[in-house]
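Protein chains in written order, with our numbering: chain G, 6 to 333; chain B, 6 to 333; chain L, 6 to 333; chain H, 6 to 333; chain S, 6 to 333; chain C, 6 to 333.
These aren't lab readings, by the way, just hints derived from the structure by calculation.
Idealized CB from N, CA, C, for every residue including glycine.
You may find that some hints are simply not true.
Stretch by stretch, here's where chain G covers chain L in the computed footprint (C-beta under 8 Å, at least three residues) [what the hints assert, rightly or not]:
# : region
1 : 225 to 232
2 : 264 to 275
The following label-pair restraints were derived from C-beta to C-beta distances [what the hints assert, rightly or not]:
# : chain 1 : residue 1 : chain 2 : residue 2 : range
3 : H       : E263      : B       : L103      : 34 to 44 Å
4 : G       : E99       : C       : D302      : 25 to 35 Å
5 : H       : D319      : S       : E112      : 29 to 39 Å
6 : G       : E99       : L       : A129      : 29 to 39 Å
7 : C       : E80       : G       : R78       : 23 to 33 Å
Protein chains: 6
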Amino acid sequence: MKTVFVSDLGSEQTITTFFLVHEKEIRNTREGKPYLRLELGDRSGTIEARMWDQFETAARDVNRDDFVKVQARVEIYRNKPQLSLQQLRLAKPEEIELADFLPHTKEDVGKLYAQLLGYAGSIANPWLKNLVTGIITEPGIAARYKRAPAAKVMHHAYLGGLIEHVVGLCGLAKQVVAHYPELDLDLLLTAAILHDVGKLDELCYDRAIAYTTEGQLLGHIMMEFETVSKAIDAIEGFPHALKTVVQHLLISHHGQYEFGSPKLPMIREAMVFHYLDDLDSKLAAVRAALTIESGEDEWSAYSGALGRRFLKLDEFLKEKIGEAAKAK
Amino acid sequence: MKTVFVSDLGSEQTITTFFLVHEKEIRNTREGKPYLRLELGDRSGTIEARMWDQFETAARDVNRDDFVKVQARVEIYRNKPQLSLQQLRLAKPEEIELADFLPHTKEDVGKLYAQLLGYAGSIANPWLKNLVTGIITEPGIAARYKRAPAAKVMHHAYLGGLIEHVVGLCGLAKQVVAHYPELDLDLLLTAAILHDVGKLDELCYDRAIAYTTEGQLLGHIMMEFETVSKAIDAIEGFPHALKTVVQHLLISHHGQYEFGSPKLPMIREAMVFHYLDDLDSKLAAVRAALTIESGEDEWSAYSGALGRRFLKLDEFLKEKIGEAAKAK
Amino acid sequence: MKTVFVSDLGSEQTITTFFLVHEKEIRNTREGKPYLRLELGDRSGTIEARMWDQFETAARDVNRDDFVKVQARVEIYRNKPQLSLQQLRLAKPEEIELADFLPHTKEDVGKLYAQLLGYAGSIANPWLKNLVTGIITEPGIAARYKRAPAAKVMHHAYLGGLIEHVVGLCGLAKQVVAHYPELDLDLLLTAAILHDVGKLDELCYDRAIAYTTEGQLLGHIMMEFETVSKAIDAIEGFPHALKTVVQHLLISHHGQYEFGSPKLPMIREAMVFHYLDDLDSKLAAVRAALTIESGEDEWSAYSGALGRRFLKLDEFLKEKIGEAAKAK
Amino acid sequence: MKTVFVSDLGSEQTITTFFLVHEKEIRNTREGKPYLRLELGDRSGTIEARMWDQFETAARDVNRDDFVKVQARVEIYRNKPQLSLQQLRLAKPEEIELADFLPHTKEDVGKLYAQLLGYAGSIANPWLKNLVTGIITEPGIAARYKRAPAAKVMHHAYLGGLIEHVVGLCGLAKQVVAHYPELDLDLLLTAAILHDVGKLDELCYDRAIAYTTEGQLLGHIMMEFETVSKAIDAIEGFPHALKTVVQHLLISHHGQYEFGSPKLPMIREAMVFHYLDDLDSKLAAVRAALTIESGEDEWSAYSGALGRRFLKLDEFLKEKIGEAAKAK
Amino acid sequence: MKTVFVSDLGSEQTITTFFLVHEKEIRNTREGKPYLRLELGDRSGTIEARMWDQFETAARDVNRDDFVKVQARVEIYRNKPQLSLQQLRLAKPEEIELADFLPHTKEDVGKLYAQLLGYAGSIANPWLKNLVTGIITEPGIAARYKRAPAAKVMHHAYLGGLIEHVVGLCGLAKQVVAHYPELDLDLLLTAAILHDVGKLDELCYDRAIAYTTEGQLLGHIMMEFETVSKAIDAIEGFPHALKTVVQHLLISHHGQYEFGSPKLPMIREAMVFHYLDDLDSKLAAVRAALTIESGEDEWSAYSGALGRRFLKLDEFLKEKIGEAAKAK
Amino acid sequence: MKTVFVSDLGSEQTITTFFLVHEKEIRNTREGKPYLRLELGDRSGTIEARMWDQFETAARDVNRDDFVKVQARVEIYRNKPQLSLQQLRLAKPEEIELADFLPHTKEDVGKLYAQLLGYAGSIANPWLKNLVTGIITEPGIAARYKRAPAAKVMHHAYLGGLIEHVVGLCGLAKQVVAHYPELDLDLLLTAAILHDVGKLDELCYDRAIAYTTEGQLLGHIMMEFETVSKAIDAIEGFPHALKTVVQHLLISHHGQYEFGSPKLPMIREAMVFHYLDDLDSKLAAVRAALTIESGEDEWSAYSGALGRRFLKLDEFLKEKIGEAAKAK
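Bound-form chain G, shown alone:
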């Protein structure tokens, strides 16, 4: 397990720790002397590293996507730290904690999963409860459900992001149904818990978050459509019309054709679920943009997902709005 992370390396020091190899290259100095250049990373960022001497063995054994153990000196070059490697070897599997290398949710995934089971258990309609609970407790799915990110880039793009997003949506759905009693909570919870199940296979997230080839060819909407349809067919007596409703909730949740929904929402709960999913995703994107160092006093970093910067409200107002009340 790592104790030193890239984001900690601000000053000259000697470190011994583990990294993932992002790039590897043999280069020559101007004088023609070869050296090994690596880009190393962990969940907090990446750093350049150079090994000047006796790198031949390491260079042969180590490749892109390997985990390595290094002993190195941190040097500040052009105001940025880089590593001068003294020792380098492949890490052993038991030395590596995957969570050190991929960003992950700050929440406790075990608790999130317990909450998820709670929401599934609270569904009143027995067919839907049966369906939803069956899927999220299936061993092949449960483990990945706890680990998957919700997206590659747009929002909740870290391990555990998917379950964090889903549990958040369940809670939001409860609040909103409390306000609009005409809405059916069972359908909203079913949609929340199943709407991104296809992402378990659309994305791969072993060492970095990326799309699988199958994911690119089909997309998570089709993948979960197939998974959920099969699960329904395995439940004897599941009403056919209710199956169609669940399928519609899944395929319409992106809300518009250009975002890959082959049908627009035509059921009240489908339309509402699209709003909730969109709101939770966009709000997560704003949160992420406001967290990153932007280099500006009053504006967040630019959010590609949202196509704009967001105001740092407290900086702009100089004080929290709520506090004005006390001050008076």
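Given chain G, put chains B, L, H, S and C in place with the hints provided.
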């Protein structure tokens, strides 16, 4: 006050009641005999009427947009009822209850206004509480705030629709802030209560809902921008940055340029408020579409506001989802 | 079986034949005398009918969507024929030939189906041949595959239109692969035969062509995605990657998001198949527009599917292009 | 006041002059020796500078956005000049002429302002003349009106650009009204003079042209809407309908929703003014693109504002069109 | 020549005059008695006409698009006038003044043509003067240039509309060049005079304004491109680069691809000409919308060309803006 | 003629060969020593070159776009080869084979041209055969027809690409007409052979593929419209309507306004030709994307023309689809 409404007139009978004149025309029969043709209406719909004899005096006195008292026989022609007028005169102002002629909310506007005051009073920031309370209790505004519709066609298009929409948004905002504590409730309440104040003047709703000329030239966003900006300037010491934030909430609440917002939401609460406003409006439009008789078993009437029909879920499933639970 | 069709009724005469009831209404004359008004139709068009006397029994028994037998006099009113009904009763099922009431292909459906089996049998890859042949010979599917239209309005909108379109596409695919040998014919034939299988359930076409509720909620792409995925899973050993390829061919065949494809074609054959399907559909729409009487010398009727009129080339050139060669 | 500008530095020499600091950084040579690296600029461009020795004091005092006095040697490195600094200190306010550091109009701003007053004075309608003259002669506004640029990038992006653009528009409006006497010149002049008043606060242009935070949140249209509305309210008796007309001219002048106009022009003069404003801006952008060195014989530099290159007409024709007349 | 026009027929009277036949139909009364129904028209509008007796000969001779002479009684039916025909015969060619049947410019076409020649003669560049003058004085072109409308619907949609639009543009171009001396007046005049020459053949305007088949297949841009290119090739020594410039002015004048310009303006004068042409056309459309009776006090009729209504400014302000000056 | 190409230079060696100069620059080392830096290229790619000594003469004689002969040592720097020049001089014209410097079709252009003549000769309509044959055999055109690329970037972007594309289209048209006998082959062949004739002048392709200034101002559609219209006018008696049809085929072949077609296809063959042209171009773009080394196992390089990557089908399936048949 009226006791008989257009929507009640399904069979032959004689009635005495009040209507608003929508159209007036002198026509000739094929044989060249002139008669008076009117289109009459109340809040429940419109009906054709003909007066065959001694209509000259009435025809001279009565014009479009007048309220009239009629005695008439209901006749069924081409499967539709129409009126054969026996007596017709201008109604006296004291005979007319405006609410009989314009559709209005089923909720108690007095209670809604009390709730509105409650929400305004719950704002913690003194500047915002002061601003919001001041505006909605201003005599010139309060009366119209209770009467205005929220729109001409799209949603809450009836008297009292505006306050119903606003109070609904305040409640929704509270639920959503309970879920996302990072959000500032004061700003969301301020946005909810002030975001459509311009509609008091953009629309006229004396006898029918329509746009004023000024409303067409400026739009409610600009009109409330001016009203609220002035109200802020009248509060000594109101922080300039907070004024800018309130202004931004107002002008960005349509969320996109093509819907008349000159700026996209660039503050977290502005973005969230846009979602809540949009959700509440769209849900009201679905509700309206599902209420109208559509002539189809499983589909609602076509909603122009939403560009589609919506599924009648209970009809399609044959039973309520929740009831399946009991049945099992 | 019918011998007289709506399109034949140009002059005064007395007829005895069968129709489908499209509309039914009791109306009153100006003088208050009730009469029965029907809109009757067959595959060639619709006609208004009136029954002035002794219609009470018929009016009670007969409803919209019923088939009826009539004896009537054809009268020309406002330059258009209409029927004065003398006798009217419900038709017996054995009196009705469905094909008389819905437009249908002019081709021999039995021959088309034989061609279809031939194309399926010509697929070299055993997994695909097995899949495709299995689906089109399944009893529940085969019968409807021969009867279904290809669309409600856009193209091949008549009984047997689907199989005509599919067999046409298979032939076109063979020609195009002959020109581009880099393309895989097996994939194109598989796509051609399966790409609209979902339309068997998306549309209903018993008495008129319309969408089913399930069809509106899911769309034929999702429906055939489920049907074909299940059929693949039922074939032991079907390669997983090949399944993904078939699924991608189905979901991408509309070519663009706004036409309901959740993925753009990302396989060469998927892109080519989209072009062929689009070309065959559009060409059928042009053919239909040129067939209808347009009322203009040099231009076809307006095609809603194509958003324009098409030139009547022979009329414009006054002679066929080919014939100029002989004339010289 | 500066005598040497960045664009003059083509050859080795020693200079003493003033610059604005755009970037500041301490770097190390490969050998680990620190040095000071600056990016310095004036209105004509930017240049890299390095200080190798005794830079500690200067590095502590000098920061980004400071004006500095330097003594330096110009060296040509990779075909581009850069500065080797010998002395460096903060400049004193009285040493700096802001116009040396921001590009500015080549016209005489005093004369432009006199013309502006002339146009305002020529307005016949007393309410409008009063309004317009009052605004541009208000001390807080007048000074900035003479200095503001018309935009950050798109057109007239230099000090004095706003007044140059406005005076140009006034002249153009006069010409166009001479051609279309149905148009009201008073309204066009009012629109021309007030339509960008919000830019005085939307942009900041002290040392470089940029958006203020308030400008980004509100935009110049809203800002001038508020400024002008207040100024109107301060004129006793100003007709309400005329106020609405002026407000409409301001908010519709971008002509389309996607360019931030919350209303489309619905008054004849509003539509015409949009055309004139757009034409003058685009023509200025073409002029700017043709002025920049593009590296191509027959084509201008690429104009981001216009999304294309423009033909260098004289180069393409080899002679001026007019001159052909003389040559003949 | 006509003395009575459709727009004059507001009261019962007997008239003798000429009309163009727009529609012709034999109908039956309810009682089965046939009568002749015509739609007749002139440049001021259309009116329904019925002939009850002895119409057989007339009905055989007269067809759609014929000019007829009628004697008829005007009757008011459903508040609208219609004609009861007493006599009806084909008009003789010499009885007909085409201008009575197509709307035409109120200006004097002879004077407009003289102005046009003046503008052409004022072109300094001899090649362009030669080209432009040659085209507009060619006998086959000159006659139609004076008669053609500028469009079917959008603007200047009346006989003489084209030359009115072109002469207007020449004048506008002079004014604008006076303001922007960097522009080449020769090019703008050339563009103005030639940019719609293709409309002479794109439209037909013998009895009504419509598109020719060739016009629909090619469009006026391609048609004038061919005409002008040929005219240039017939001028010995015309510089090739100048030819390309003229061609570019023609093909880019719609300014955007979606309006049928295959190239965007890439020459300064081409861009300016597009603005002037667009402005003059749009302003003519506003003028037309404001002229039509709209049925509303403060708003014009809806303009399909502009997609909106326009404010009746004087009505809204109650007085002319200019007059306020005198009033003070 | 060259024997060594850029793409062959993977290891240290000494070479003597010819290149085209893409860039030329004098630079200084950190120590201030000047050297000559060139970017050299041939049809297979580009490479950096440096000359350290005695480069003054060469630097004076050699410029961008010159062909040069070099003797150089290949060195590997940062994993990429670069050239250390020992000798450098201008190449003599007779030493240069243009095809070594521009990519060119792998097909035999002579054979392609013979096929083209065959297709032209097979046109049955004598007017069209005469027209088409006349154009492609005109000496000024024939030579360039064999050499021109079909595009700068999108598809067939190499010498001989145009004729390869056209001959391919002719073959495809024959196949498609065999399937749809309603189509006129003569028109499709005429369209195929003439639809890109304008590219002979729109592009220049002497040393690199680029647009001419005239090509940018007019585009190939307008250029071939003029060329073909003239050629038709030179054929006595060519029917006018047929001319219009040919012109329409040319101007509509891009199928949509935004791709520069001033008219949409309104003739059946015009619509079909647009599909064939589009299909052949897109398929060529897929082919090109699959040929380039993409650095990914299962995906092609990104195709800018298509806006996506394409699946490497054989890699994904691990075997060819056809081979599965044999394996069973």
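To see whether the hints hold, each was checked on the structure:
no. : hint                          : in the structure
1   : 225 to 232                    : holds (count 4)
2   : 264 to 275                    : holds (count 7)
3   : E263(H) - L103(B): 34 to 44 Å : holds (40 Å)
4   : E99(G) - D302(C): 25 to 35 Å  : holds (29 Å)
5   : D319(H) - E112(S): 29 to 39 Å : holds (38 Å)
6   : E99(G) - A129(L): 29 to 39 Å  : violated (50 Å)
7   : E80(C) - R78(G): 23 to 33 Å   : holds (31 Å)
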